[in-house]
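Start from the sequences and build out the full structure, keeping to the hints where you can.
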Amino acid sequence: MSPRPGFVLDVDSSTPPTLFWRGERLSLERLPEGSRVVYPPEPLDPLEDPSSAIRHALLHPVGDREPLPALLSAGMRLTIAFDDISLPLPPMERPDVRQLVIEQVLDLAASAGVDDVELVCALALHRRMTEAELRHALGDRIYDAFAPNGLLTQHDAEDPSNLVHLGLTDRGEDVELNRRAAESDLLVYVNINLVAMDGGHKSVATGLASYRSLRHHHNPVTMRHSRSFMDQDRSELHSANWRMGRLIADAGVRVFQIETTLNTDTFPGAFHFLQKREWEWKAKDRLAYAAASAALDRTPARVARRIFHSVRAPHRMTSVQAGEVEAVHALTTEHVWRQQGVAVEGQTDILTMGLPYISPYNVNSVLNPILVACLGLGYFFNLYRGKPLVREGGVLIMTHPTPWEFHPVHHPSYIDFFEQVLSETTDPVEVADRFEEDFATDPWYIHLYRTGHAYHGVHPFYMWYWCAHALEHLGAVILVGGDTKAVHRLGFRAASTLTDALEMATDVVGPSPTLTHLHAPPLLLADVT
Amino acid sequence: MKALVVERNLPRFAAARVASLLGSGRGAGVGPLRLVDAGPPDLPGGDWHHLRPLLSGICGSDLATLDGRTSRYFEDLVSFPFVPGHEVVGVLEDGGVDHAGVPLAPGTRAVIEPVLGCAPRGLVPVCTHCGTGHTGLCGNVAFGALGPGLQTGYCADTGGGWSTAGLCAHASQLHAVPDALADEDAVMVEPTACAVHAALSAGVRPGDLVAVVGAGTLGLTTVAALSHLVRPAVPCTVAVGAKHPRQRSLAAELGADEVVPPEQLARAVRRRSGSLVVSGRLTEGADVVVDCVGTAASLADSLAMVRPRGRVVLVGMPGRVAVDLAPLWHRELTLVGAYAYGLETVPPGDGTGGAGAARSFELALDLVGRAGLGRLVSATYPLERYEEALAHAGAAGRRGAVKVAFDLRNPKGHAR
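Respectively, the protein sequence lines represent chains A and B.
Anchor point for the first sequence: position 182 equals 182 in the working numbering, and the numbering is continuous, going up by one each time.
Anchor point for the second sequence: position 181 equals 181 in the working numbering, and the numbering is continuous, going up by one each time.
A few of these clues could be false.
[Stated by the list, open to error] Listed below are the simulated SDA-like cross-link pairs for lysine to any residue, each with C-alpha atoms no more than 25 Å apart in a straight line: (1) 243(B) to 489(A); (2) 243(B) to 407(A); (3) 2(B) to 109(B).
Because the hints were derived from the structure by calculation, they are not lab data.
Laid out in structure tokens, this is it:
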């Protein structure tokens with residue numbers, strides 16, 4: 001049976017309770033009759049033979065690019081850049097797509113006699129990956145062949161000796177890139193396109209850039225003019241990256257882009273019920289939910305976190321395309337929409353969402369309050385094309401425990417951002433004006449970013465900027481079940497139960513509001529008309 | 001008339017120490033403190049005057065004494081039995097003469113500068129320290145015409161503020177209270193004088209970052225002193241670590257530039273100083289740290305957040321503590337104490353009317369009015385309810401209070 005598309009369920013008296021994520025916990029909530037639930041499409045059938053598909057893509061590129069073998073020759077400098085730990089979510093079962101693709105690129109390079117090959121993790125201002133994480137993404141064979149010889153590096157956006165300024169866009173935006181990548185004869189970029197925002201020129205122009213470059217599009221103004229940043233044509237974030245990408249090409253950097261898409265087969269075995277529709281749950285699913293929910297409720301949060309972060313998603317590749325960046329990305333975007341797109345008619349007064357334990361920036365880490373805000377207002381709110389799911393002035397209700405907790409190694413500047421910046425203002429523009437530069441240039445954060453596994457000092461600002469569009473659009477944000485102090489620090493309202501939150505929401509949107517629930521993950525993209 | 005008296009009773013001190021494990025001030029009922037009928041103490045000499053207390057504060061050092069936690073360093077610097085209470089505003093019903101020799105009319109309100117240095121002890125000539133106005137440094141507090149006692153409130157011969165019967169004040173100790181000051185402001189003069197002394201001896205230089213550890217009475221009055229006496233002449237940034245919400249709001253009201261919970265203070269200092277961190281210690285840090293707590297933990301924190309060659313000023317009364325002094329050696333830190341008061345060097349443009357030398361108490365008398373420090377008096381109790389008062393004082397921060405005092409005017413007292 002072919003996978004069914006996503007759809008919008010109208011809740012009536014016979015509708016069973018709806019699954020809500022609450023971080024590392026789960027609950028079933030009965031939504032008011034007349035509510036809508038937006039369900040993602042079922043996972044698409046994967047490519048039957050991913051290796052052959054990759055080979056085909058490398059040999060039959062799209063756009064103005066020759067087949068990869070024709071671009072490879074002895075004596076050339078080849079750099080292979082790849083997406084970092086933030087993709088995919090959750091991390092996929094081995095072998096990771098990056099491994100499959102890079103192995104074939106390396107085989108072709110070896111056949112062509114290329115011996116100056118380096119791998120660069122395109123982490124931008126994210127934390128450096130650990131050895132275990134790199135081994136998972138690349139496989140042991142690649143890791144052992146490159147890392148011991150210093151040929152597997154992680155982009156360092158604060159290493160002036162390894163950055164090169166390529167020029168300014170016609171809008172005066174600095175384009176500063178990883179020197180090795182920019183000065184190679186060929187830059188192969190290996191991407192995983194989990195959502196429509198990923199990939200395209202953003203891969204190189206963001207993933208291999210410096211703060212000097214990133215600040216031009218990672219700011220509140222850009223984010224407020226990206227509606228949404230899942231919709232490339234209406235996203236200033238993408239416009240800026242496209243300007244930069246074209247400048248990179250004009251500067252002579254030859255990019256061979258390889259993009260992959262995955263299906264939404266997100267949860268393995270015991271957790272499979274999480275991607276089923278509740279009324280289709282069988283006894284086995286109900287039992288699995290009851291067991292998981294009861295066990296998680298009794299499990300200390302740290303242990304529950306460890307359990308969930310050990311989950312490896314059974315994602316499978318649904319497409320791979322290679323060649324010139326823009327031509328490749330156009331195909332990729334189609335594949336993403338084919339997997340995740342759901343047509344939704346009309347906006348809602350209240351949008352509810354259950355926030356899971358993971359976001360792009362807390363893999364093997366803590367979903368701290370800033371990341372909770374970013375996951376809800378930055379990512380989930382922006383999973384739309386056309387119009388936001390919730391109307392302007394509407395209310396967003398999220399469920400998450402939101403503990404006042406931070407990973408001290410991964411998120412040191414987040415702690416200071418939360419303690420200092422948000423205690424003074426939650427306005428993204430004021431946050432940027434008053435505090436960004438100090439955090440971005442703080443030598444301690446730079447040291448931790450460069451030598452440890454810390455996100456860059458400016459990164460929590462970017463997380464807050466991701467929220468800027470939603471913060472401007474919404475009438476109120478209510479967090480259900482969150483640590484009250486942490487929720488208030490975020491500038492949100494705290495509620496104990498969903499019922500309380502709905503009651504509170506009527507103060508903003510009036511009585512008898514319409515309600516829509518975003519049933520994710522697995523991820524979906526709402527095409528709102 | 002009644003007075004609270006501390007007697008030398010080792011079993012009761014031991015019992016108080018055990019009871020204080022439940023919380024500071026909780027040992028009043030089993031400790032060495034007793035409420036007794038008492039008359040006015042005999043005047044020790046001609047320059048002495050009777051002062052009838054109106055308000056008398058409960059100090060951290062009083063609590064330490066009653067909890068049996070005071071350092072044995074002080075054992076020979078007190079004489080028993082004594083009436084505690086050295087934060088006192090009272091009335092001179094028979095008049096008197098103040099520290100400058102100015103006659104004071106009957107009914108004049110006055111505060112006492114409680115150090116019992118050479119002058120009250122009738123020692124002639126006075127020691128070098130008293131001779132230069134630095135009475136807090138007097139080494140003769142166990143000698144002369146009085147029994148041992150470093151201050152009024154620890155000496156058997158002078159009485160203390162926790163009494164409706166009155167105490168004896170030497171002329172050199174008396175400072176008249178301006179009519180504009182409420183009793184609540186006036187009772188804050190003594191702790192404020194300690195803070196004035198600490199702030200002015202902290203060696204703050206223009207552009208310095210000053211971290212204040214703790215925001216009880218001493219911490220908050222230190223913030224006020226830094227804000228009103230130092231910063232107008234010596235621009236500096238004051239960051240405060242304050243545990244309780246009420247303390248945080250007061251610290252901000254009194255002029256702190258940044259107020260954070262104690263566990264966040266080092267991070268706030270790191271941000272402001274652009275420091276790196278090694279093993280939990282800052283590589284740079286605050287230019288000056290004022291430790292208004294005085295525990296091993298607060299001292300260790302202070303040493304960890306001060307910059308190399310920076311200065312840690314110890315204002316909170318410490319006892320025997322175990323602290324790793326390696327950073328003091330390695331980073332060439334200066335650790336100084338700031339006890340009581342004396343003669344201060346006032347920076348120009350401090351808002352008091354000019355630079356020069358002034359007694360801490362005179363500066364404090366001015367500061368309590370300007371900064372409105374009477375607001376720090378959170379609750380008052382009659383002597384009869386001393387157990388409640390001491391328990392309240394021992395848990396002041398947690399209960400949203402700062403200064404708890406005995407109200408000798410009003411038999412009922414009140415909490416606010």
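Checked hints:
no.	hint	verdict
1	243(B) to 489(A)	holds (18 Å)
2	243(B) to 407(A)	holds (23 Å)
3	2(B) to 109(B)	holds (21 Å)
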